[in-house]
Structure formats: C-alpha cells, structure tokens
Amino acid sequence: VIMANAVSKEHAAKFGRLIIQDAGGRMKPANTFSSELLRKLSKKDDYNGLNSDQVFLSMTESPFYWYDIPLIYVKKYNDSIRHIAGVPEEKKYLSLLDFMDDEGGYKLSPYLQEAYRAPVPNQFQKDFIEADKRVNLLWQALDGNILRVFPVPGDENNKWVSHKEAQDSGMLKGMDSVYTKQIIPLYMNALKLARQTGDYEQANKYLQSIKDYQNKFGEEVMPTDKKVEAEILYNRYDIFRNLFWMYMLAGLVMLVFVVAQILKDRKGIRMIINVCTVAIIILFILHTAGLGFRWYISGHAPWSDAYESMIYVGWATMFFGLAFGRQSKLTIASTAFVASMILMVAHWNWMDPAIANLVPVLDSYWLMIHVSVIVGSYGPFTLGMILGVVSLLLMIMTTEKNKKRIELSIREITIVTEMALTVGLVMLTIGNFLGGQWANESWGRYWGWDPKETWALISIMVYAFVIHMRLVPGLRGRWTFNFMAVVAYASIMMTYFGVNFYLTGLHSYASGDKVITPTFVYYAVLVVAILGAVSYWRYSVHYKKKAKKEIKEKKEERI
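In this text, residue positions in the sequence shown follow my numbering: the first is 828, and each later residue adds one.
For the record, the hints were derived by calculation from the structure and aren't laboratory data. Check each hint, because a few of them may be wrong.
Stated by the list, open to error - Quick list of simulated restraints, FRET-style, between CB atoms:
1. W1364 / G913: 53 to 63 angstroms
2. N1267 / L1090: 31 to 41 angstroms
3. K836 / A945: 13 to 23 angstroms
4. H1369 / D906: 45 to 55 angstroms
5. R1232 / E1056: 46 to 56 angstroms
None of the values given here were measured: they were computed from a predicted structure. We put the beta carbon where it would ideally sit given N, CA and C, even for glycine.
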C-alpha cells in the first residue's frame, strides 16, 4: 500500500526544496527535515526503496497508512519494550500501533513518569525515554502540525504555521486564511491524481503556489536557492558519518603496514603506505569541505554545539597529524585512526547532528575567534595522547632483534609528540585569554572562576608541567614523557566533557545534576594503568638499563 501511495522521486525532489520552519525556528528545506525525521525514527536514510522526501509526503497525504508500519527503531538488547508492546523479541522495528493497547491507551505511560522524574535515569529508563521520543516524533509527523510551511504575515517573530495550525489558531485572516486551509488538501488531491495518470503538472503548480506564498510573506528569513541546493547536497552525502569508516579503514591499513615496515622494510609495503597517505589527505580535504558546507549552510562557524565541536576536533587532530607527520608515517596513520574514533563518538545517540540556530549568547564574532582556538587546541593534545599510546606499545613490542629500528621510531614520534603538546599549550593559553575578552563583553568580568575557566587553567598547568619535565633529572626519559602525554589528556576530557555534566557553571549543560560516570571511563583508566606498567617493565629491560650503563661507562672514561 505504501509503495503504491508513493509519489515519483522527481516530484519528491521538488517537494524537498520547499522551505519548512522547525521547532527551533530554523528555516530549512523539507529534504533536511525529512532526512532528520527518518534517521531519528529508524536509523536509516530510506524505507523499502523510498527516499525520505517520498516517505514524508506519503505521511502527510495518507497518515493512516503509516500507523501500522514498523518504522520505530528499538535497540536489539532491549526486550522489555518489545515485551510491553507485545511483539516478538526478534522484531527490530515497531509501529505506532504496537505502542497502543486495544482501548487506545499508550503502553509506555506507566513507565515514563518514573523515567522522566529520575535524577539519573538508568539504562532501562533511558531506553524508554528514547522510544517515547521516537513515538511522539512519528505522531507529530502523522498529525500534520509539523509541516510549518506558511509564514504568518506581519509576525514580529517570523512565525510559520502548518495548515492545521492555520485552521485552529486564527492567526491568519481573510484570503490568507482561506488559502492556507485549502492549498494543502488541494495539493494532496493532485498527488493522488498524478499517481494514476503519471502527470504531475497540477501538483507542481500547487507546490509552486506554496513557494510563491512563502516568497511573498517570508522572503526575509528564507535561505537562498544556492543555500538550499548546498544543504540538499550536504544531506545526500552525509560526509561526516561516512568519513568515520573511511578514516578507520585507511588509518588501520596504514598502521599495520607502518609497523610491518618497522620490523622489515619492503618496496611493496612502502607503496601501500604511500597510497594510504594519499587517501588520508583526500579524506582530510573532504572533511574540510564538509565543515565549509556546514558553515555556509548554517551561517555561523561550525563549532557551536557538541556535535560540531566534535567534528571540528576531529578535523584539528587530523590537520596537526598531517602537519607534524610529513616525515612520520606512523603519526599520520595513528592520527587517522583517532580522527575516525572522534567522528564515531560524534554520531552516538546523545549527539544531535542537526544544524540549529545559534543561541543568543553564542551569536558573537568571538565564537569564531575564541572557540576555534581553544577547541582547536584539543587537536594537538589528542595527537599527543595517541602518539604517547603508540610509543608505549612500541616499547612493549621491543625485542633484541628489532630494538634499533623501534628505538628510532620511538625517538621520532616522541619529538612529534613534544611539538604537538607545545602547539596545543600555546593555543589553549591564547584561547583562554581570548575567552576572558569575550567574558568581559558578555558578563562584565574577565575571570570569574567558572568551572570551565578553572579547568582550562588546570589543563594549561598540567601540560606546562609535562613539557618541562625534561628539566627535572628524576623525570627525564621517553617512557615518562609519553606516559604523561597520555595521562595528561584526562584534564582535557574533564575540561571538554566533565565540566558540562559534573559541575554547575555558565558553560555547563547539566547544571550540576547528579551524573553517573560511564563504565568505559573506569575501563580506560584500567587500560592506561596496565599499558603504563607493562611498557615501563619493557622500557626498563631494553632502554633504561642500557642508558644507565652508557652513563656509567662515560663516567669511568672521564676518571
């Protein structure tokens, strides 16, 4: 029934260029809205061969068909929701009717009140909240109120309404009211006729009529045709999601062959490494282009929210990896792998990749200056962390046969690590200073011991100590420096993530609510401790004793 109810892809593409105002007030093409809707509901870009525009048009025209369509994604391991819904455990997608009982009641209601009230929801409650959001999103889409395509003439807030809101609210008067009430039903009837005849001429005329109405009353807030085309192109290729696995593939292959080259150099291995290097450079160019597209589409620098800052940190990490790794293939390979991990985290469920309007406090030129510098500093710090890990792993891999080659690689990436940490420290210090200038403009003071400010200062002190450890006799040595490059990264994680959720402040998102530390944090601490202990043992066997022996021999020669 759904396939028979679908419009042609050509007409759906024209519909996708229609401008919609979302709940946050952003003006965007219907293609962006439909893409976000389908991904949030089903984690997919299409449904049974229908693209997102076709799906959204079908929902708008014939909502009742979609009540029984399994479109709402439920996590594999959550059998509780399936049990409550009364569906088989192997069913991955549920329909709207699956969540309704025979009397029209909402099956999740008894569990949601407790879940939403919980100060710290457990995983069971989080899954229920997530499912509830998807159910409500689908309900709004089928209800029709979500299709806000009509600007309200003369509204000081540039409010747009759906045809149903136009009927119920009374915000539109005279012929405008008549037009907005009738044009959508007329358009839907024309679509039904077009499917029978294959002629979309009348439907196209109604669609153009809606666009003309938008231009007449909402032209000042509508994006240009070029921006609409750019955003549709951005939606189609979803560059950052695809870059994750591309970086991962190129980085892992290159890393394997770089390690193989350290152990035994071959011409074929060098060729594969060079091909991977070129591939990573191309991916970085695509990464840069993606940021540029997002900047152009949104109208502001692409580091204004959690998702954007993550993809920007991934870009900065890859930039410094390529800049410092021109003579170090191990650096480039390691950085590509880390960039893929950063992009993977950026696409986890708790981050929303949707482009949004800037909140008032961020609507400042300081966003481009302060945030770009201070968040950009996380790139070289991340590079230093992963190179520290690689150095410790190389120490563990050291044997008497390969010691000379591995020692050369350790020395090489230790130099790169020191360069990266130095650049990161300079950027973080400058970014903190610029933040003080912004704070003075926004809040009337340069420094207020806000948790974000304080932890940025702590990070500066931590990395200043790491860089200057070589001046302390007891703390010299490549193992100490590389291990501290890894450990010091915890201060950046606290500055970047921890402050937002654990502490109350002007930069915080959770306002001091009680937060449970994710389990992976404890695993990470354990892994770092084990890595440090094992690498120190191997370092002592192959490098530290040798260094002491050489120092002793030099002293004896002087005597």
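What hints, given by number in increasing order, does this structure fail? Structure breaks hints 2 and 3.
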